[in-house]
Structure formats: C-alpha cells, structure tokens
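*Asks:* Here is how the chains run, residue by residue.
There are 2 protein chains.
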Amino acid sequence: MAPRVLIFGTGSIGAVYAYVLSKALPSSNLVTTCRSNFEAASQDGFTIHSSIWGENQKVRPVVVHTVDEAAAIDPNSHFDYVIICSKALPTVPSTAELIKPAISPKTTIVLIQNGIAIEEPYAKLYPNNSLLSTVVYVPATQTSPGVVLHKEVELLHIGSYPASPNTESATKFAELLKSAGASAQVHEDVQFERWSKLLINASWNPICALSRSRDVQVLRANDDSKEFIREVMLEIAAVANACGYPGINTALIDYQLGRATVRELPGVEPSMLADALAGRRMEVEAIVGNVVRVAKAHDVKTPMLKTIYVLASVLDDSFGR
Amino acid sequence: MAPRVLIFGTGSIGAVYAYVLSKALPSSNLVTTCRSNFEAASQDGFTIHSSIWGENQKVRPVVVHTVDEAAAIDPNSHFDYVIICSKALPTVPSTAELIKPAISPKTTIVLIQNGIAIEEPYAKLYPNNSLLSTVVYVPATQTSPGVVLHKEVELLHIGSYPASPNTESATKFAELLKSAGASAQVHEDVQFERWSKLLINASWNPICALSRSRDVQVLRANDDSKEFIREVMLEIAAVANACGYPGINTALIDYQLGRATVRELPGVEPSMLADALAGRRMEVEAIVGNVVRVAKAHDVKTPMLKTIYVLASVLDDSFGR
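Here the protein sequences come in this chain order: A and B.
full-length UniProt numbering puts the first residue of the first sequence at 1, with every later residue one more than the last.
full-length UniProt numbering puts the first residue of the second sequence at 1, with every later residue one more than the last.
It cannot be assumed that every hint is accurate.
Since the list gives no way to pick out one identical chain from another, each pair is judged satisfied if it fits inside one copy or across any two copies.
[Said to hold, decoys possible] Here are the simulated DSS-like cross-link-like pairs (lysine-lysine), alpha carbons at most 27 Å apart as the crow flies: (1) Lys296 to Lys226; (2) Lys226 to Lys301; (3) Lys301 to Lys23; (4) Lys151 to Lys197; (5) Lys197 to Lys106.
Hint data in this document are derived by calculation from the structure and do not stem from the laboratory.
Just chain A, same shape as in the assembly:
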C-alpha cells in the first residue's frame, strides 16, 4: 500500500516535496497544511516552475489548515510520514506539539529545516518514533501564493536522529524519494552535513539581514567584509570541531566563501534577508542562537557570532512588535 504523507508547513520547500512525492504516490495520499497560501493551494494546488522539471509543473494535494483536520480525513488510517517543512521558529505551542494529532506509533517524522540542534523537542515528545534529520539543497522561492520558482539543485541529505549506523529508516525514505525521481543521500551521521550548511546559513543569513544587503553587496561595501565573514565562519567551524566534526575546516570555509565571491552584483538574497525586508520573523534561534548555546556548552569563544546573534535576535523581536 502506498504510504500516506503529511507535509507540515507548505511554503516553497514543502511545495517542491509535495510535487516530487506526487510522482510516487497518489495525490490523495498527500496532505499539506497551509496558512497564508491556503486559499490559492486549495483552489489551484501548487505550480512549480523548475529548471530541472520544467515550467508549470502541477500538484494537487489534499490541502488543510491544521493537523487536526489532517488527522480527521481518515481516522482509520495513519500517516507513514510527517514531514516538517515550516520555518524553525520558537513558537508556543511548538511545532513538535502541533503535529501530535498526526503521529501514530508507525509514523516517521522527517525534519526538512535549517539550523542546528533542532531535533531535540521531537526526540523528547516522540521517543519511540523514527526521527529523520535532513539537510536540503533546493533553492526555491514562493513568488506568489502556491507558485514556486525552483533552480538547478535538488538534493536531500538524510540521517536518523540521534545519529546511528542503523540507516534502515533513512534508506526507506530515500528510496521513496528516488522512486519519485528525486535525489537523496543517506548518512550514518547527517550532522556533519548540517554543520557544513550552517557555515553559510549562520554567517550570510543574519549578516545580510542586519545589513539589508545581498551577499555580493556585503562583500563590495567594505574592504574588511570578506575577512570578517571568514572569521565568522571560523567561529562556526570551531564549534563544529568541538562537537566532533573536524571536517568542518578552513578548506571547506574557503570553498563556501568562494561561492559568493565569484558572483556578480547584487548577488543572492538569503531567506533571512527576504524575511527582514518583509518584516517577517526570522529563524534566528535555530540558525544562530543554537550555535552560540552549543559553543557555550563546549566553552568555545564565539564573540563575533554572539554579536550577530544578539543583534539578529533583537531585530527579529522588532518584527513582532
């Protein structure tokens, strides 16, 4: 029997995975929770314009407002996967609590979210469920409600949380994605991939948001910018090293930094900059705050990152006033 899937938080990434999974599953097995794009998605489904899959790709999942509604669709059936694609924000109630009505003993929880140390609330609430942590490389933007622009990359790194040599659950989910034509890599410890992506996310994201500038604009505005960003990345690497990931090193930093330095003006707009310019809440705690807290726990000094964290946290607070 084809698995049933709930996607929680269907912005650009959620819409892309709804589309991808519709290649392997009947759309009636795909349920998505939507907020700001609910009207558009329930009327017209989602439209993906992709440089990989082509223009005007359509998917029409079952669209609901809440997890309660999702669970009520078929009370005799369970969700095989609950995939969290919402922003990693510290809400009350938490996302981990919100998904409860959809969690059965057989449900695998998949976190497609940025940041570090974001898995713990799920592991605590659902200690007997399979929990997958992932790192996504899918450059996608929702250009209007239900309409998503997707560019050339599509890859999901998958591992269980906590890390484990038992990759059965991760492999099963990867195979579902692959059967849909998507790309997936299974890891015994996916946290290395998290730290690798965090090198970029915990530096460029808040730096661009605070300076209201795109990455290349940051690099061109001040002679010290490049060295400054490298030093911030070195602090992130020091925390990763203290957590047992020596592979987060200067070679990787110079590679990641190089990606921005070869771009043309104005460069790319990280999600936190887009959020800041729109006055929306940003993933400060998941992406920066948690690194600072992990650093403190390991007694690693991160003065630059701490500065960025407090500034971004207060800026984020200003959007809630």
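Once you have looked at the hints, place chain B on chain A.
*Replies:* Quick look at chain B alone, frame taken from chain A:
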C-alpha cells in the same frame, strides 16, 4: 569688536549654538550654512523649544547655502570662529576642504562632532590655525525644518587639538559661550571626554541602528543583551586604555550602561537609529570605524566591535544605493 562666527551644518546642534551665540553677538555676525532646511531657516530663522531656555526661542542668523557665499558676505572681514556642526561623514570633498574659503590665519576652527580621531584632516590642512575639539551634551532634535526640540542638558567640553597645557584658545571660546549664558568646560586633554562619550555612542548607536530598536527595547528583547552591550563597551574601554586613558574603566561602563537600564520602554532613539529608519547615511566611520582602526594600530583585539563596524558599514552603504 564682536567676533564673527560661521556655523557649518546647521541641524539641531548648529541651531542650538546659533541661538546660544546670539545672546552674545549681533545676529549679523552669525552666518550659518544650511541644506535641507535652507528655505525654512532663511525665511523664518530657527525656533528652539527648550526645557532650559523656554518655548519659541528665536534666532535669525545670516543663512547661506555654501561656504563660498559665507565668505563673500564681507570680503574685508574674517571669521573668528568656524564651528563644524555637520555630521562627521567621509565625503568628497571633505568637510575640512569645504570650509577653506572661510578660513583666515586668525580663524579658530571648532569641531562639535561625535566620534574619535576626526581632527586629523583639519590639523593637516590648517596647521597654523587654532583647532578646538569638543564633546557636546545637548540632546536636541530637529522636528521640522528650522524647528528644534531641546531637552534639559547643555554642556560643551572644549580642548585644543592636539592636546596641550596651553588652554588659551579653548578658554577664550568657553568665555564667549559663558557670556551667552551657556555651559562650557575647558580641558588640557579633551580626548578623555571623547572616549567617555564614545562608550555610549560606539555601542548603542550602531546596535540600535542594526536591530532597528530603541535602547530599552534592545535590553528587553534578549536575555544576553545587557551583558553583550557591556562586553562591547569593555572593548571600547580597552582601546581607550591602550591610547593612555585608564579612566575609561568598568565603573564608568557600569554608570553609562545604567543610564539605559533604568529607562522605561521603548527608551531613547540614538541618532544612528533615526538615520537608519529614515534611510539616511550614518556616522559609522567616525564613531565605529575609527575605533576599530585605532584598536588595530594598538594591537587591541575588538572582535565584537569589528563585527558591529562591518555590519553598520554595509547597512550604511545600502542607504547610498
């Protein structure tokens, strides 16, 4: 004969000193350069609403657009004082170059500007002129063109640049102010006062601008805010100490920090925050960049201040795009 005075840059501080000096000088001896408020100031002069001097205090100086116009008013007479009250921005041509037409061998140049290490361009261009550096405590805001709101404090610290036991020139200017009923303190080395004010300006100003929040909002938004600002002030103090000012110490920091912690929400709006919210250029180089450069010259580590500097510099650059 009453001295002739040119005020360069007549925003809130310039208007207050035009008003003050009009108590000691005929208004025809007072010339002010104006830009955005030229129309209002040349038609109606300046109006000061002050908790010290009362509501609706008026002054009608001679209002001009440029220093050339100021110099042309009376080619046979020189300016005894050229008082710089403009923002300390790195412009081309520089403010030091712009005032040239008004500088005679007898002219004393007075800098009423924030920041550190801002005197050098004037000292270089006018090595034989008397040069006074000052620190101003005049909380004033231009609420509409030519109209200034001024609150309870009015004090100018004055010293020669470079610092010197010869306080003749500073004393003469202080006496002019005192004869007008204003407050002035003469110092052999006014740079201590600059560092003391910089403790607040180089921390709160860019921190509030970057986080788009007032001082008390910053303190309340994150549990780490207060300790963070204290650490930034400690970095500024370390630079001051390296420059020979051991009096910039933790006692002074705790006093300065305490001023914000006792305020009610939302707190005060530093000038750089007002500039940022209006998309205007900010005094980043004079107030933060110069501290980072002085720190580097003295081999003092200032990672937090450097982070704040680069972020504020790029934010400022965004206002010029």
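*Asks:* Kindly indicate which numbered hints from before are broken by the structure, ordering the numbers from low to high.
*Replies:* When the structure is compared with the hints, numbers 3 and 5 turn out to be violated.
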